[in-house]
Amino acid sequence: MISENKLYELGSILGLKNKDVIDILRENSTRNEKESQDSIVFQAPLDTYIPGTLYGTVSINDF
Amino acid sequence: MKIKDEYLPSIAVWEFTLKCNLKCFHCGSSAGKTRSNELSTTEGVKLIRDLAEIGFRGVALMGGEPFLRQDWYIIGREIKDIGMKLSIITNGNINPKNVLSKLVKLEIDSLSVGLDGATDKTHDYIRGVKGAFYRAKEFIDLSKKAGLPINIITTVHKKNFYELSVMKDFVLDLGVNWQVQEAIPIGRFPKNMALSEEEYYSLGLFIASTRKKYSSKNIVIGSPHNVGFNSQFIPKLGPYPDWNGCWAGKMVLGIQSDGNIKGCLALSDDFIEDNIRNKDVIDIWKCPSSFRYSRAFNEKDIGENCRDCKYKMDCKGGCTTRSTSFTGVSHNDPYCFYRIENKLRLKGSVSHKP
Numbered sequence: 001m002i003s004e005n006k007l008y009e010l011g012s013i014l015g016l017k018n019k020d021v022i023d024i025l026r027e028n029s030t031r032n033e034k035e036s037q038d039s040i041v042f043q044a045p046l047d048t049y050i051p052g053t054l055y056g057t058v059s060i061n062d063f
Numbered sequence: 064m065k066i067k068d069e070y071l072p073s074i075a076v077w078e079f080t081l082k083c084n085l086k087c088f089h090c091g092s093s094a095g096k097t098r099s100n101e102l103s104t105t106e107g108v109k110l111i112r113d114l115a116e117i118g119f120r121g122v123a124l125m126g127g128e129p130f131l132r133q134d135w136y137i138i139g140r141e142i143k144d145i146g147m148k149l150s151i152i153t154n155g156n157i158n159p160k161n162v163l164s165k166l167v168k169l170e171i172d173s174l175s176v177g178l179d180g181a182t183d184k185t186h187d188y189i190r191g192v193k194g195a196f197y198r199a200k201e202f203i204d205l206s207k208k209a210g211l212p213i214n215i216i217t218t219v220h221k222k223n224f225y226e227l228s229v230m231k232d233f234v235l236d237l238g239v240n241w242q243v244q245e246a247i248p249i250g251r252f253p254k255n256m257a258l259s260e261e262e263y264y265s266l267g268l269f270i271a272s273t274r275k276k277y278s279s280k281n282i283v284i285g286s287p288h289n290v291g292f293n294s295q296f297i298p299k300l301g302p303y304p305d306w307n308g309c310w311a312g313k314m315v316l317g318i319q320s321d322g323n324i325k326g327c328l329a330l331s332d333d334f335i336e337d338n339i340r341n342k343d344v345i346d347i348w349k350c351p352s353s354f355r356y357s358r359a360f361n362e363k364d365i366g367e368n369c370r371d372c373k374y375k376m377d378c379k380g381g382c383t384t385r386s387t388s389f390t391g392v393s394h395n396d397p398y399c400f401y402r403i404e405n406k407l408r409l410k411g412s413v414s415h416k417p
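Protein sequences, first through last, are from chains Z and D.
The first sequence begins at 1 in my numbering and counts up one residue at a time.
The second sequence begins at 64 in my numbering and counts up one residue at a time.
Treat the hints with caution; some may be incorrect.
Said to hold, decoys possible - Beta-carbon label-pair distances, calculated as ranges: (1) D:346 - Z:3: 50 to 58 angstroms; (2) Z:26 - D:232: 23 to 31 angstroms; (3) Z:18 - D:109: 24 to 32 angstroms.
What the hints assert, rightly or not - Below, in silico cross-link-like pairs of lysine-lysine (BS3-like), each with a Cα-Cα straight-line distance of 27 angstroms or less: (4) Z:6 - D:406; (5) Z:19 - D:109; (6) Z:17 - Z:6; (7) D:222 - Z:6; (8) Z:17 - D:275; (9) D:82 - D:109.
As the list claims (entries may be wrong) - Not close to chain Z: a few residues of chain D, all C-beta gaps over 12 angstroms, as computed: (10) 97; (11) 261; (12) 294; (13) 392.
Rather than coming from a laboratory, the hints here were simulated on the basis of the structure.
Please read all numbers here as calculations on a predicted model, not as lab measurements.
By construction, the Cβ of each residue, glycine as well, lies at the ideal position given by its N, Cα and C atoms.
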């Protein structure tokens, strides 16, 4: 079993601090809890996706 | 013939020309010279009309360098007039005066520029031409000033991996959206320069952290639809539908500049279905024997990397291009966050309470 330490180590490769990794874990945990509670899955409509580009002109805040 | 409803033609990616004015060492198309038999303007216009008839919602023009083709505006106009979204991916080493006002007129939906380093030293080395960095940066600045929907795409490998945190500050100063993606050993990119599995996971953490920190600045930071899968720790890195198998031949389509059709442009030539000079793209799309590796997935196709995975029937072994380029077979993608977590024994025991 591991180990925050391995995750911290992987994060630190690109300069993340332990706190940054903890923030990611919290965000993921919140998302998982939300999805299990109300079954809402965060999805973009397919027509907003343009391969090789970032979301076309649609902001992440539009979803 | 009716195609299954699950095939939702979304975006066709067209290698508009193989001609290129840069010599990027990670180029997945081995671009440089024009193919000897590239599609004509007339053939291109028919292709666009056929794609619209199938139901594709957008076309992405890439290369090579798409702006080196003289008829790019005609084709772009056709795409927009027919009601599809238009995206262009460029290296930005084009005289902005020749293209920006036309792009504004076209109301292009997405314009992406490849930028692979925070300095000219790194970018020019990767792109193989001196001055490429400053030309790309000027193109980005002027595109932004013109109000165009500009994004930066950074392709990551061992040459620029450790520069990403500097790159982050540089991109945020530019104030544009940023797509970060890993290089895959296709075209002329050598496998030994690809990120290791641990580096890839680290990249996922980096993207998640950067996106979280800067979400309030209205700058979107993310990765392509095929990043990671089913991580226990890394949140979704983009607003895409949940991954349920490779999109090749189901939602996306690749068109080579000579008319060859693949489910995804990044796939090797082994995956060419046919050529639109032999058969209309509509018939290729509707043919029951097309894109079998993707449309007719069967559990027995699963490779050894994914055989014992609980997600295998949904995930279908990840990205076909990455799987085949790294392992030689489909449905065996090693660059999977869930797999890497298991390999590193990241088994969900991590405490993250404050």
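Hints, verified against the model:
At roughly 54 angstroms, the beta carbons of residue 346 (chain D) and residue 3 (chain Z) sit within the given window of 50 to 58 angstroms. At roughly 24 angstroms, the beta carbons of residue 26 (chain Z) and residue 232 (chain D) sit within the given window of 23 to 31 angstroms. Against the hinted window of 24 to 32 angstroms, the Cβ-Cβ separation of residue 18 (chain Z) and residue 109 (chain D) comes to about 57 angstroms, which falls outside the hint. For the suggested pair residue 6 (chain Z) and residue 406 (chain D), the alpha carbons sit about 12 angstroms apart, so the restraint of at most 27 angstroms is met.
With a CA separation close to 54 angstroms, the supplied pair residue 19 (chain Z) and residue 109 (chain D) exceeds the 27 angstroms bound. With a C-alpha separation of about 13 angstroms, the suggested pair residue 17 (chain Z) and residue 6 (chain Z) falls inside the 27 angstroms cut-off, and the hint holds. For the suggested pair residue 222 (chain D) and residue 6 (chain Z), the alpha carbons sit about 24 angstroms apart, so the restraint of at most 27 angstroms is met. For the hint linking residue 17 (chain Z) to residue 275 (chain D), the alpha-carbon distance of about 14 angstroms falls within 27 angstroms, and the restraint holds.
For the proposed pair residue 82 (chain D) and residue 109 (chain D), the alpha carbon gap of about 22 angstroms is at most 27 angstroms, so the pair holds. A cut-off of 12 angstroms between C-beta atoms confirms that residue 97 (chain D) is not in contact with chain Z; the least separation is 21 angstroms. The beta carbon of residue 261 (chain D) is not kept farther than 12 angstroms from every beta carbon of chain Z, the shortest such distance being approximately 6 angstroms. The beta carbon of residue 294 (chain D) is not kept farther than 12 angstroms from every beta carbon of chain Z, the shortest such distance being approximately 8 angstroms.
Look at residue 392 (chain D): its CB is around 23 angstroms from the nearest CB on chain Z, clear of 12 angstroms, so calling it non-interface holds up.
When held up to the earlier numbered hints, the structure conflicts with 3, 5, 11, 12 and fits the remainder.
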